[in-house]
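Fit chain B to the known structure of chain A by using the hints.
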Amino acid sequence: MVDDTSSDVEIISASLIDPDCFGLLFERHYPAVFSYAVRSIGVTEGQEIASEVFVQAFSSRRRFDLTYRSARPWLLGIASNLVSTRYRSFERRNRAYRRAFGRDSETEEFETEVADRVDASSHSERARAALAALRPPERTVVSLFVFGGLSYQEISQVLDLREGTVKSRLSRGRANLRNMLADIGEQWGNDE
Amino acid sequence: MSDQSDPFDPFVILAEAVPEPTPSERQTKAARDALQEAIATEGQSSSAPVGARFMPRVAVALIVFLFGVVPLSLVLSRDDSATATLQEIAHAARQVEPADIPIGAFLFRESLERNLRILPGSELGLDRDFVAYSLETERSVWRNPEARFVQMRTANRDPVFYDDAVARGYFSHGMADVDALDRPLTQQFTDLVDPILETQWSESPEQLRSQIIDAIGRGESAPNSSFMLFDFAIDMLAEPIPPNVRGAVLEMLGTLDLTEVIRNADGSVRLEIEDHDGLSTRHIVVLRSDGTLAFREIVRLEADPELGLPAGTVTSTGTYSRWTEVADIEP
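Taken in sequence, the protein lines are chains A and B. The first sequence begins at 1 in this note's numbering and counts up one residue at a time. The second sequence begins at 193 in this note's numbering and counts up one residue at a time.
So here's chain A without its partners, still in its complex pose:
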C-alpha cells in the first residue's frame, strides 16, 4: 500500500498493479510541471502540456527507469518534449508565412500570448522573447535548467545527452541570452 509518504519509485511500481496509485504522483508533481510548462511556452499551451504530461507518463510508466530517485526529471523531460514539439509544429505551420512575408500573424499572436502570460512588464516580455529566439536545443536545456531546476546530470539523463553537451548548450544559451538581454542586464544591475 502506498501513500503520500511513499517514494516516486514505490508509487510508480504500485501503479502497475493498481493504476489509481498514479494519482499520488500527480498531486506531488503537478505544480512543478505546470510551472515549467507555462514558463516555457505560455499559459494556453502550458496548461494543456502540463495535463498531457501526466496522461503520457501514466501510459508509459512501464518504461520509467526505477533507478531514478525522483520522477520529476522524467516528468519534466516529457514536458520538454511536448514543448519542443509545439514549437516545431508551430514553426512548421508558419514557415511559409515567416519566410515569405516577414510577418507571421499566428506566431506574433502566439509569442504575444506567451509574453503576456505572467505580467505585462517589458522585462518579462523581453526575457520571453529572448528565450524563444534561442536555437531549439539550447532553449530546451536552458528551460530545464532555469525553469525546471534540473541539474546537468538530470538534464543529460532525461534528454539522453552527454553531460558535456548539456554544459556546452547551457554555455551557448547563456552567451546568446546575455547578448540579447544586455540592456536589461544593465538596468537590472542598477535596480539592484
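Keep in mind that the hints were calculated from the coordinates and are not lab data. Don't be surprised by glycine CBs; every beta carbon is placed ideally from N, CA and C. Heads up, none of these hints are tricks.
Straight-line alpha carbon distances no greater than 25 Å define the calculated SDA-like cross-link-like pairs of lysine to any residue that follow:
(1) Lys167(A) x Asp383(B)
(2) Lys167(A) x Pro211(B)
(3) Lys221(B) x Ser7(A)
(4) Lys167(A) x Ala207(B)
(5) Lys221(B) x Leu24(A)
(6) Lys221(B) x Val55(A)
(7) Lys221(B) x Thr5(A)
(8) Lys167(A) x Leu384(B)
(9) Lys167(A) x Asp201(B)
(10) Lys221(B) x Arg61(A)
(11) Lys221(B) x Gln56(A)
(12) Lys221(B) x Glu27(A)
(13) Lys221(B) x Asp3(A)
(14) Lys167(A) x Val385(B)
(15) Lys167(A) x Glu390(B)
So these bits of chain B aren't anywhere near chain A, every CB distance computed over 12 Å:
(16) Phe363
(17) Ser418
(18) Phe419
(19) Glu466
(20) Phe487
(21) Leu493
(22) Pro497
(23) Ala503
(24) Asp520
(25) Glu522
Showing chain B alone in chain A's frame:
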C-alpha cells in the same frame, strides 16, 4: 546559477522576469480529470477477467467471418491497390540518385500558390471578428545543401475577396502595402533550423511513422491522426529529403486512411484524404512518378459563415517545381 565574473547572469534575469505561476483550482481539476480518465480507460480494458475479455473478440471475429467476408475482401482489394501504387512510386523514388550538391551551389525551386489569409476584421475597419481573402504568390527559393541559408523571392498579386466590404477595407487600410502587392520582395534567412531537413529520419516506414507521431506530439489515438500523419508526410515530400527516406514516406502513406489513390496516365499519383477535426476539409495532392510533390490543394467542405466562405472554397492551392541544382542565387 551565476558566474562570479559575469556582469549579469541572464539566467537570473530569465528566472526572475518570468516568475513561477501557480495552477488555479480549475486548471488542476482539469488536469486531474484528464489523468483519471486515462486511468479509468486502462482499468476498463484490463479489469475484466481473461475469459470475459476474450469472448467478445471471438464473437466479433465470428460475426466478421460470417457476414463480412465479401465486403471485407472488396475493401482489402481496394487498399491493396492503393498500397501497391504507393509501393511502386516508393520504389521509383529510391532509385533516384542522391543529390550531391557541390559546396557553394544551391538548390532551387519555384512555386505558384494561392492561400487564404485570415485577419481580425478590425484591421480592415470592419466590425467582424475575422475576415478572409486569398492571395496569389509566386515564390522562388534558393537554399544551400545544409538548408541553413535560404533566399526567397516572392511576388504577391491578385487578391480575391469574398465580399465588397472586405475589398474596400483591404485597400483603404493599406493592406496592399502590407502584402507588398505586385512588389517582388527578396529576403535572405541565415541559421535556419528546419526540423524536416535536420532530423535523421528512418528509412523504415514503420519506424518513420513512429518518428512522425513523436514529431507531431500527438498519440496514435488522436482522432485525426491519419490526417496529421498525411499532412506531415506531404510536408516532407515537398522538401529535398534523401531518396530512401522519400521511399519510406511514400510507403507509410499507403497505411493511412486515404479516401482516394489514383495513378494518372503520366505516372503521377493523386492522393486524397479528409480531415473532420473542426471544419471538414479535403486535401488533394499530386505526386510525380518519383514521389516529389507537384501539386497540393485544400478544399473546405463546409461553409464557414463567420468568414463568409461557401462550401467547396479552395483555401490553399499550389504547384511546385522540382528542386534543381543551380550554381548561384539570383540577386
